[in-house]
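Q: Please work from the sequences and hints to get the whole structure.
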Amino acid sequence: ATSDDDSEEALIPLSGSEDSDMVLNAGHGGGGAKEETVFMLEQYLDGPEVDVDVVVSEGEARYCEVVDNGPTAEPYFNETWGLCPSKLPHAQQRDLQVSTAA
Numbered sequence: 005a006t007s008d009d010d011s012e013e014a015l016i017p018l019s020g021s022e023d024s025d026m027v028l029n030a031g032h033g034g035g036g037a038k039e040e041t042v043f044m045l046e047q048y049l050d051g052p053e054v055d056v057d058v059v060v061s062e063g064e065a066r067y068c069e070v071v072d073n074g075p076t077a078e079p080y081f082n083e084t085w086g087l088c089p090s091k092l093p094h095a096q097q098r099d100l101q102v103s104t105a106a
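Counting from 5, one number per residue, gives the positions in the sequence shown under my numbering.
FYI, nobody ran anything at the bench for these hints, they're computed from the structure.
It should be emphasised that the depicted structure is a prediction, and the values quoted were computed from it without experimental measurement.
If a hint is listed, it holds; no wrong ones were tucked in.
Derived Cβ-Cβ restraints for the label pairs, each shown as a range:
1. 85 to 40: 30 to 38 Å
2. 106 to 39: 33 to 41 Å
3. 40 to 88: 34 to 42 Å
4. 40 to 93: 43 to 51 Å
5. 39 to 86: 31 to 39 Å
Backbone N, C-alpha and C define an ideal beta-carbon position, used for all residues, glycine too.
A: Following this line, the structure appears as structure tokens:
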């Protein structure tokens with residue numbers, strides 16, 4: 005829902021992901037220049053985590069690597085460590101690389 009009053013916050017679902025991802029638009033009322041802050045909120049999923057790092061040049065993936073992430077430090081979910089190369093089986097790494105770089 006959106007608001008007619010720019011000083012109120014409005015949650016706007018991203019298209020195609022109404023259940024999990026949202027954008028929070030926080031307009032600041034008052035005189036002077038109007039500022040806008042945008043946040044992306046994602047659903048929390050518990051379990052193992054990996055990063056798939058990709059370098060794209062001229063529209064093509066030139067580099068793609070899977071990195072294992074350690075458990076995050078709550079309550080802010082800071083990353084505690086990463087392991088590269090990943091210890092996942094090569095077939096799982098390849099599946100992640102192919103689906104990410106597509």
